[in-house]
Structures are given as C-alpha cells and as structure tokens.
Amino acid sequence: MAKKTYDLLFKLLLIGDSGVGKTCILFRFSDNHFTTTFISTIGIDFKIKTVELRGKKIKLQIWDTAGQERFHTITTSYYRGAMGIMLVYDITNEKTFDDIVKWLRNIDEHANEDVEKMILGNKCDMEEKRVVSKERGEAVSFNIFNKKYLQSFHKHYLNKWPNGKEPRPTP
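Numbering (the working numbering), first residue to last: 16 to 186.
For the record, the hints were derived by calculation from the structure and aren't laboratory data. The beta-carbon is built from N, C-alpha and C at its ideal position, and this holds for glycine as well.
Beta-carbon label-pair distances, calculated as ranges:
(1) Lys71 with Glu128: 19 to 27 angstroms
(2) His125 with Ser33: 16 to 24 angstroms
(3) Gln76 with Arg145: 27 to 35 angstroms
(4) Glu124 with Asn158: 17 to 25 angstroms
(5) Asp113 with Arg69: 35 to 43 angstroms
(6) Met141 with Leu23: 29 to 37 angstroms
(7) Phe25 with Ser92: 16 to 24 angstroms
(8) Glu150 with Leu68: 28 to 36 angstroms
Pairs of lysine-lysine, DSS-like flavour, derived with a Cα cap of 27 angstroms:
(9) Lys132 with Lys74
(10) Lys18 with Lys72
(11) Lys64 with Lys18
(12) Lys144 with Lys117
(13) Lys62 with Lys132
I would like the entire structure built from these sequences, with the hints used as guidance.
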C-alpha cells in the first residue's frame with residue numbers, strides 16, 4: 016500500500032459563468048502561470064497542489080468547472096464531496112455578478128449542506144473597466160455567508176493566504 020504524502024485532502028471547486036477567469040485562477044494558483052490564450056473549459060478540469068500550512072501538508076484538488084449552461088448536468092455532479100466552493104464573477108461584467116444567485120441555488124441543490132462557500136471578484140487588474148464595486152461584492156458576501164469577500168488579479172501573482180503569507184509548496 017502506498018504511503019500518503021499529505022496530512023489532509025481538500026476538494027475545492029471554482030464555479031461561475033463562462034469567461035469569469037476560473038481557469039486563470041486555477042493556473043495562477045497551481046502553476047503561477049498566466050496566459051491570454053485559454054479556451055473555454057469543456058466539462059471539468061482539475062489541478063492538484065500540495066501546500067504546507069501550520070505544519071501540515073495539505074493536498075488541494077482544485078476543480079475548474081465549465082460555466083456554460085450546456086455543461087451544468089456534468090459539472091453539478093462534482094459538487095458532491097466538495098469541501099469548499101469559490102463562486103467567481105468578473106468585476107467588469109454585471110451579469111456574472113447577478114448570476115451568483117443562480118450558482119448558489121445549484122450549490123444548495125447539489126452540494127453537501129456543510130460545504131464552505133466564498134465569493135471571489137476576479138479581474139481586478141482591469142479596474143478601469145470595473146462595473147461591480149468592491150462594496151457590492153462585500154455586501155453580498157456578508158449578507159449571504161456572513162463572511163469576507165475576496166478579489167483577485169487575474170494577471171498578477173496573488174497566491175496568498177488570508178494572513179498575507181505565501182503558502183509553501185511541498186514536493
């Protein structure tokens with residue numbers, strides 16, 4: 016039997032409309048890589064990253080779900096067993112923010128009741144095109160989850176934990 020190389024395993028999902036930058040977030044976090052040539056995710060994709068936090072090796076399975084309606088029956092089956100779901104919207108696209116409610120209904124319908132949820136406003140490097148204010152994102156996140164809200168820059172490396180420190184990748 017193979018020896019485990021980690022202490023904890025977490026299944027995390029990135030969900031949101033097509034084009035909000037879920038794949039960019041996945042590649043930036045897992046590989047510190049950014050490209051402008053992504054094509055839309057078909058169905059689902061995932062990456063594994065092991066980080067060390069508080070002396071524990073944590074293996075993260077990060078699943079990138081397709082945002083197009085035609086893939087919803089496929090992607091919602093991956094909600095089961097997820098420990099965390101990041102609802103991603105594009106700060107330059109009002110519709111993607113409004114659709115957070117639709118994604119929450121999907122989570123309520125298909126995910127475990129105790130799944131952790133968080134809202135992430137993406138593409139903050141495009142501040143001049145912002146249509147959804149940080150305050151609106153924070154208000155929705157607080158009203159729905161009573162939790163803080165995150166923003167990310169899809170081009171720049173912001174691979175940080177809430178304490179501001181970088182997670183340490185492990186071999």
